[in-house]
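Our numbering applies: residue 436 is where the sequence shown begins, and numbers increase by one.
Treat the hints with caution; some may be incorrect.
Said to hold, decoys possible - Restraint-style ranges between C-beta atoms, simulated for each label pair:
{"#": "1", "residue 1": "Tyr-488", "residue 2": "Trp-464", "range": "18 to 28 Å"}
{"#": "2", "residue 1": "Lys-498", "residue 2": "Gln-461", "range": "13 to 23 Å"}
{"#": "3", "residue 1": "Asn-456", "residue 2": "Tyr-483", "range": "15 to 25 Å"}
{"#": "4", "residue 1": "Tyr-507", "residue 2": "Thr-473", "range": "20 to 30 Å"}
{"#": "5", "residue 1": "Cys-445", "residue 2": "Asp-489", "range": "17 to 27 Å"}
{"#": "6", "residue 1": "Gly-441", "residue 2": "Thr-473", "range": "29 to 39 Å"}
{"#": "7", "residue 1": "His-438", "residue 2": "Phe-502", "range": "17 to 27 Å"}
Keep in mind the hints are simulated off the structure, nothing from the lab.
Cβ coordinates follow ideal geometry from the N, Cα and C atoms, glycine included.
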Amino acid sequence: MIHCDGLLLCILESSAMAVWNPCLNQVRWIKPEITVDTLRHYSINCFYGGIGYDGLSQDGGYKILRFGGKRYL
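Let's have the full structure, built from the sequences with the hints guiding it.
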């Protein structure tokens with residue numbers, strides 16, 4: 436679980452993502468542009484994410500980053 440300014444980014448094992456504001460008790464599910472099945476087609480089996488505030492963009496607000504890689508054990 437990752438946090439920024441009180442918002443929590445939750446990434447589930449299915450790689451589904453949600454932003455939770457515990458103060459307002461609100462959850463917003465994030466629909467990724469690329470599906471997990473597409474990523475697994477390219478052998479990507481490990482997913483990470485981040486959230487941060489972008490004060491330099493014209494619309495302001497928060498940005499979410501998701502990336503993946505291969506886990507070698």
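Tested hints:
1. Tyr-488 / Trp-464: 18 to 28 Å: holds, 20 Å
2. Lys-498 / Gln-461: 13 to 23 Å: holds, 18 Å
3. Asn-456 / Tyr-483: 15 to 25 Å: holds, 22 Å
4. Tyr-507 / Thr-473: 20 to 30 Å: Given about 21 Å between the Cβ atoms, the range holds.
5. Cys-445 / Asp-489: 17 to 27 Å: Given a distance of about 20 Å, which is inside 17 to 27 Å, the answer is holds.
6. Gly-441 / Thr-473: 29 to 39 Å: holds, 32 Å
7. His-438 / Phe-502: 17 to 27 Å: Holds, at about 18 Å.
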